[in-house]
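A.B. asks: Going letter by letter, the sequence shown gives residues 0 to 166 in numbering that gives the first Met the number 0.
No incorrect hints appear here.
When the alpha-carbon atoms are kept at most 25 angstroms apart in a straight line, the in silico SDA-like pairs for lysine to any residue are as follows: (1) Lys111 - Glu38; (2) Lys60 - Asn83; (3) Lys129 - Gly117; (4) Lys41 - Glu128; (5) Lys53 - Leu68; (6) Lys53 - Ala104; (7) Lys41 - Gly110; (8) Lys111 - Asn34; (9) Lys23 - Lys122; (10) Lys150 - Val130; (11) Lys47 - Met100; (12) Lys84 - Glu73; (13) Lys39 - Ala52; (14) Lys59 - Phe49; (15) Lys39 - Glu128; (16) Lys111 - Leu123; (17) Lys150 - Lys160; (18) Lys41 - Lys111; (19) Lys121 - Gly110; (20) Lys121 - Lys132; (21) Lys132 - Val148; (22) Lys67 - Ile97; (23) Lys132 - Asp28; (24) Lys53 - Gln109; (25) Lys77 - Gln94; (26) Lys150 - Glu137; (27) Lys47 - Lys58; (28) Lys106 - Gln91; (29) Lys69 - Ala55; (30) Lys78 - Leu90; (31) Lys129 - Met30; (32) Lys39 - Ile119; (33) Lys41 - Leu123; (34) Lys84 - Asp62; (35) Lys40 - Val114; (36) Lys53 - Gln105; (37) Lys106 - Glu95; (38) Lys106 - Gly117; (39) Lys59 - Gln105.
These are calculated hints, taken from the structure and not from any lab test.
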Amino acid sequence: MKKLSVLFAAVIMVVSVSMAKAQKLATVDLMGVLNAMPEKKKADTDIKAFLDAKQAEIKKKADAGQAKLKQYSEEAPKKTADENKAREVELQKIQEEIAQMQEKAQKDLQGKQDVAFGPIEKKLNDAIEKVAKASGYEFIMDANSAALVYKSGADATAAVKKELGIN
Numbered sequence: 000m001k002k003l004s005v006l007f008a009a010v011i012m013v014v015s016v017s018m019a020k021a022q023k024l025a026t027v028d029l030m031g032v033l034n035a036m037p038e039k040k041k042a043d044t045d046i047k048a049f050l051d052a053k054q055a056e057i058k059k060k061a062d063a064g065q066a067k068l069k070q071y072s073e074e075a076p077k078k079t080a081d082e083n084k085a086r087e088v089e090l091q092k093i094q095e096e097i098a099q100m101q102e103k104a105q106k107d108l109q110g111k112q113d114v115a116f117g118p119i120e121k122k123l124n125d126a127i128e129k130v131a132k133a134s135g136y137e138f139i140m141d142a143n144s145a146a147l148v149y150k151s152g153a154d155a156t157a158a159v160k161k162e163l164g165i166n
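Could you put together the complete structure from these sequences and hints?
C.D. replies: Following this line, the structure appears as structure tokens:
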């Protein structure tokens, strides 16, 4: 009976230690937090307005190109081969300009997103770190993707390499 009591006490102690260690891991719904941040909502609105303006500009150029293509196609039989060749070059140039506009818009959008979301991401990461330190969490993972978003616990890499005989 005494052995059973000692065994029971040992099991309780192991469970208690395991529960204490489990307290060092937490999850956070990153997208839920981000989407609730007023700064993110404003940045999303600004980015959408920027993107809509760029798309309208590109559409205007593409519509003008389409109109010229239609006009040149209708007039082609009445024009000389040299005139049609010059018009073909002009249409090709318009097509290249549209492609360049799209590429530039994509780069500008990426830059604008980096500028807009950089401070938001830093604010979120700072808040996660502050909560982790205040609550004693060593690890915080994204609840939706299981990606590690905060780590302060011990690194076992060296011990695992030693166990495997890897330097």
